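Visitor: Listed below, chain by chain, are the residues.
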Amino acid sequence: MYGLINSSLREMITQQFGEDQWRKVLEASGVPEDSFLTMRSYDDTITFSLAGAASEVLGAPVDACLEMFGEHWVKETASKSYGVLMDATGQEMIEFLGNLNALHDRITSTFLDYVPPEFKVQELDDGRHQIDYISQREGLTPFVVGLLRGLSKRFGNTLVINDQRSQEVSVGEHTVFDVTVTPA
Amino acid sequence: MKTHPSAVDWEQAQSLFSIVLCIDQEFRIVDASDTLKRHIDGLDLQPLLTEAFDISRPSNVTNYESAHGYLDSIFLMLSKDRRFAVRGQVVETTIDSKAALCFFGAPWLFWINSNCPDVRLGLGDFSPQDVQLDQLFFMSTEKKMVKDLEQLNGELTQARTELERNQAAKNAFFTQMSHEMRTPLNGVVSALTLLQDQMLSTDANKLVTFARSSAKNLMQVTNYVLDLSKIDATEGVAESEPFELEELVTSVHNIVAAKADEKHIDFVTVCQAGMSAYFLGDLPRLRQSLLNLLINAIKFTDEGSIHLKVSQINHPDSNQEMVRFAVIDTGIGIPIDLQELVFEPFWSSDACSDGRDRGTGLGLDIVRRNVQLMGGHIELKSSVSKGSTFTIDLPLPRHVPDFSANLGHRKPPIENAKFAAHVLLVDDNETNLMLGAMILESLDITVSKANSGLAAVKLARELGPDLVLMDISMPDIDGFEATRRIREFASAQQMPIVALTAFESEAERLLSREVGMNEYLTKPIDRQKLAEQLVNWLPTKAMIDDNTQGANENHDGLVELSILEELQSQIGKKNLETVIGKFLDEAAQRWELLNDAIAAEQTKDCARHAHTLASTCKSFGLTQAGTQLAAIEQSILSDGLSNMEPIEEARVMLQNSVARLRSSVESLT
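The listed protein sequences correspond, in order, to chains A and B. For the first sequence, counting from 1, position 105 maps to 105 in our numbering; every step adds exactly one. For the second sequence, counting from 1, position 118 maps to 118 in our numbering; every step adds exactly one.
Excised from the complex, chain B in its bound form:
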């Protein structure tokens, strides 16, 4: 049997609730708790509830009956003088056996704090179980917590700002140092290049070769040290340009082989058989990463060998095709506890106390950053005294080169290129001007010189050169401003401007494009690189010869050998043979398709096959066959298949041209 407590008395009610009101059927307050009496005057006079309070919730309570309808609702009431407020609930009770209402509640703490902060409430104004004070404490603490977090955030922001400021100062220092170091090196390398063109004795030539190689090495070391600032400055997106794997491996090999030779270490590069020849990727970053790994390998290997192995793998999770570059050495190895550290910037092993040059400690950090930027992964496996293997896996998509597109703009082989052009060379450094002019003149270019930005603008206007080679940093107006002014009277097509800067910076490169420069080159002037760029903008002697003397044809004119030679210079003989093999197969198939279409009298298909065949024939130097097939295409489109005679002539022409192509390829050296 359940037992219930008897009704609570007045004292017990006040103990449970600090605010208690007894309301009779006339809606008068017949009694009020002590807390209420302390804060509101006149309650002893038994006023109507609506005379003592404004009832804000429920909003339509005006008398006993209406209040009785809200027994399960919260009541929010403000004293008439707006100095006190209460919140609570009304229950039905009896006073002297008559029905009555009783309000149980508490001071409405948050309203009073907000509206009457001078009203002093004590802990005694709240019953112990009232959670409003607990809430107040919690909210005060939370407010303080927010302040803590704001302060912490401020400290972190400040620390980041300082870090960025320091980083910017470091970058500025590196950039300045780059400029200061490259300018004199530019002079040395350029002068040695020119000196080597002179008639020198064998011994002198050897010495110059040695000096030039050393100067280039020094330039490489300078670049190596400065790479970090470049990475910081260009943090962001890796480039995705087509490159030839073999060219990459060969260039890396050529740079590193001499160093390996010096230490009598075998250096072997191995590309997996059957790999694609071309890929899309960030060649400069990839080359830089491989060079850093290989230079490290040589540094820490005293005997044995270094291998660079390139292979195609599938990503273990995504099955995506990846290219793996593994640099394997038989050097001193890295203890397991240091293997994580070697990728940290500025880290170099103290254990290495044999006087070996430990470098800047930036190389592997640069590699790690590069690999991450290219979306790849680097791994190290190493055993002390046995050697190390650094493995880079990169997601490099294969690239299928469009050789025919390259042929649209025929360039002569760069080596020994000669130009028939007038170039305005701009540099505030007299030595650079002299050396630059000598290099340009060695390419048969007529050179005008300007030693300031203002002079450059004036001479560009007066002389109208074919191209301007523009230094960036100059005392009066810089190369950007000079370019802006030149662009006011000469467009990029009319007068190409190539920036020639002492230090490479992504921001500067972007600005050079914005102001209307056509290209961006870094000093020192490398004659071959310069020629490679100039050939895009300037007429060469070979082109002029072509125009005046006709194409370089073989004796029967069926194959243009110059086109084959150019293709060979671009992709190498082996690749050329492969590509031509494919072309011959495809040409045979296409001819079959053309014949089938003729038999089926499908005019449009005939024209399409003739067009495709004409286009590919021209790409491989079968110009006459191509021209004839193009004529057939036009004839079919205009007259249909009424005249079959030219098609038969084209068949004979194609047959002879193909035979000539086979023999021409074999005879290429």
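For reference, chain A alone in the conformation it holds in the complex:
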């Protein structure tokens, strides 16, 4: 993964738990680097080691840590570093999710080996929507849950995840969310 992800993870732990906790996470992870360069590609194991160590040090399940990270990603990293693009992608949550693939497609011209995930949005009955998350990476569904929560806060919506289930795929993962997004 790109340094952007790892440095965002560091930023989240430092901001929310303090520099000392980050030092402990880093030490527990066995990751030698302390600083990450946004555009440099790092081995995926670094990110997963950091997430695992964060879970151990902060005493929270890995999924909870990834979910927290997803929220932080929307609120801090994406909004602060890519505010104009976030604005262009949508002015409300469903529109944003609908345009997310287009946004990710444009990222591929900067992060050259980046294989973006795919999001599909379908309107269901009763104001519900089905969101399909399809990725070649495994284990990031909790991160997507955090993203959805972060986006709902960004657009001032209330998000209810009615259902979440995994679809069988040969590579990566495919998660289907049934959500209800309502104005707060």
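Simulated from the structure, these hints should not be mistaken for lab results. Predicted, not measured: the structure shown is a model, and the values here were computed from it. One or more of the hints may lead you astray.
Facing chain A, from chain B, some residues (calculated, C-beta under 8 angstroms) [as the list claims (entries may be wrong)]:
hint : residue
1    : ARG120
2    : ASP134
3    : LEU136
4    : PHE137
5    : SER140
6    : ASP148
7    : GLU155
Cut-off 20 angstroms, straight-line C-alpha distance, at most; resulting in silico cross-link-like pairs (DMTMM-like, lysine to aspartate or glutamate) [claimed, not checked]:
hint : chain 1 : residue 1 : chain 2 : residue 2
8    : B       : LYS573    : B       : GLU247
9    : B       : LYS386    : B       : ASP302
10   : B       : LYS147    : A       : GLU11
11   : B       : LYS143    : A       : GLU76
12   : B       : LYS143    : A       : GLU11
13   : B       : LYS98     : B       : GLU65
14   : B       : LYS147    : A       : ASP34
15   : B       : LYS147    : A       : GLU76
16   : A       : LYS80     : B       : GLU150
17   : B       : LYS216    : B       : GLU180
18   : A       : LYS80     : B       : ASP148
19   : A       : LYS75     : B       : ASP148
20   : A       : LYS24     : B       : GLU155
21   : A       : LYS153    : A       : GLU76
22   : A       : LYS120    : A       : ASP132
23   : A       : LYS120    : A       : ASP105
24   : A       : LYS80     : B       : GLU142
25   : A       : LYS80     : B       : ASP118
Positions of the beta carbon are idealized from the N, C-alpha and C atoms, including for glycine.
Take the given structure of chain A and dock chain B to it, following the hints.
Guide: For chain B alone, kept in the frame of chain A given last:
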């Protein structure tokens, strides 16, 4: 056969370009894309292009015809309300079979972001192939990357600052420790030196010798530990001063031999035959490096031998002449996997668990730093249980000493030097004052004492001593300030001031020069070193004797033996014999040249040869011959070659003087 798509329709055009404008021949906007209509009002009213936009590029487009002239150019257009901007290209088309222009483009993203950041643009305002959003993402990412690098740079700067602060604290600690340790040691060494001058019984003398040797060893160990801070403080340029190789090897041998004897190890120094005697280099660093290697060798050798071999080699690449110092021992050796580590600071082998003193772990690090600073190279070859060889290769240029220059300022042999002078000794430590005064008095010097900087200034003014020995660290004003004040009424020539400091520091040495001190010495006061310095500034008894009683001549006055003795004390008898051999050959040749020039009546050449011969004769104590040749030179220059009689007299004088010189050298002890 090639096939081409038919012309794209309006919907397809909007799919490819989010900004599309159709312009008729009157230059009116007859249709506009949805994106454009969303951001600019009134386009449905078919305004002139120039009523809806200011065309900033091309700058001179005002109507259909002028726009038609820029079909291959980029158009940058700002809406009249300055809330929107577009960029694109104009192509020629037809509307209802009439010629028309069509503008295809996109929102000018960077202008809008910069000038109207509140204007909301969506992904839908850009066609998928428009790279402006990609650029925006790239630029945002790059901006973040720059921030990463700035943060990283900040962290590195902070780490460096902390490291430097720690280093400075360490140096300050070492410096303070140096001062604290040297001051009492100064007392011990000086007192023992003076005690040894007393009439002691043989046993007492042995004990004092032993005590003095131990105290000096302790001083050496202290210096050894503190060397690292000195290197850190003086990091920079290696000195390049002339030194004599044999003197270096002998001094190193003398220091180390006793330690080797204690362990019953043979210690042998070997200099390659035919090597130059003098080189230019940083003698203190070189001596320190060899001592560190040799002390290590002794420490890790229990039986067998240690060799210090010095040889001249050529650099394998540049063919530059180098001097090689090899320290070879038959000690415990170093395993191959540890051979890189031994040069690391504070490293000492854990494998060495036999109770052997492993030292500070700084010695080889100091050697490595020294060698690097001197532009050299160090190499280690070692086998466990067989021994180690440390090889230092240094680019040391040969030096040809100018003996005649040394003779300009005649110094008596330092050993047993006596002075006829008055010295003001300044030190805030009473013990140092007492010991210093005793050492100075043992050199026949009259001593006045001052125990503070202020007292020193007062006494210097009142007593006008021949020289001031000035401590640096004192409670009221320090030695630097005292020197500044003394320099207000006495110049460096009128009253030399020699700094006497408890610890050596390059910064302090520089400051001592800045404030007008003539020399810089380190405690403890070593009588011989002190005498060596004082002889530069103070009249000696020997000089006074010379002035009152005339030169120390041999019975016929042809050769001044004192000059030969002095030369011998400087370069040793062997070298003196070699140099005099060269002089005799050269004198014979020069005399031949003088005769040839006389025969050819070349007046200027005659004078030149006489001058050279006179000068070299005086250098080797043939003063009378030299004086006579100098007179000939003057005579030739003023009167030409009219009078040959003095030349014949000079020939006889030179012949006799040379014969006397040969016998005098042989008789020197």
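Visitor: State the violated hints by number, sorted upward, taking the hints as numbered earlier in the document.
Guide: none
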